[in-house]
Amino acid sequence: SADARASRTTSRSTQRRALVRSYRHSHSVRSLSVRTAKKRVTSAAAWGSYVVRSGDTLSLIAQRKGVRGGWESLYARNRVTIGANPNLIFVGQRLSLR
Numbered sequence: 003s004a005d006a007r008a009s010r011t012t013s014r015s016t017q018r019r020a021l022v023r024s025y026r027h028s029h030s031v032r033s034l035s036v037r038t039a040k041k042r043v044t045s046a047a048a049w050g051s052y053v054v055r056s057g058d059t060l061s062l063i064a065q066r067k068g069v070r071g072g073w074e075s076l077y078a079r080n081r082v083t084i085g086a087n088p089n090l091i092f093v094g095q096r097l098s099l100r
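With the working numbering as the guide, the letters of the sequence shown map in order to residues 3 to 100.
Hints listed in this document are in silico derivations from the structure and should not be mistaken for laboratory results. Keep in mind the model is a prediction, meaning the values are calculated, not measured. Where is the CB? At the ideal position from N, CA and C, for every residue including glycine. There is no bait here: all hints are sound.
Derived DEER-like restraints, expressed as beta-carbon distance ranges:
| no. | residue 1 | residue 2 | range |
| --- | --- | --- | --- |
| 1 | Gly68 | Arg19 | 26 to 36 Å |
| 2 | Arg18 | Thr59 | 14 to 24 Å |
| 3 | Arg18 | Gly57 | 17 to 27 Å |
| 4 | Arg19 | Arg70 | 27 to 37 Å |
| 5 | Gly68 | Arg96 | 16 to 26 Å |
| 6 | Gly68 | Thr16 | 27 to 37 Å |
| 7 | Ser51 | Leu90 | 16 to 26 Å |
| 8 | Thr16 | Arg70 | 31 to 41 Å |
| 9 | Arg70 | Ala20 | 24 to 34 Å |
| 10 | Arg14 | Ala78 | 11 to 21 Å |
Can you build the whole structure from these sequences, using the hints too?
Put into structure tokens, the structure is as follows:
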């Protein structure tokens with residue numbers, strides 16, 4: 003229903019804001035160079051997670067990262083984060099690759 007979708011969207015937005023606040027609190031964003039930030043994202047991916055970027059799809063992520071089972075497997079691992087629609091992912095979401 004529309005109410006359930008609105009609630010999920012609100013919940014995701016709230017979670018995203020909390021993560022950003024937590025990150026900013028634990029790491030001074032101003033002190034991070036772009037190079038350092040990229041290294042952190044790269045190292046996070048090496049440990050089995052991926053942060054969604056603009057233009058990403060589950061299929062592209064699965065293909066680029068060599069996820070066994072393709073997008074279906076990636077979706078199954080991240081259904082709680084993604085929600086009921088595998089075609090609707092958001093920039094900044096952290097997905098588990100393993």
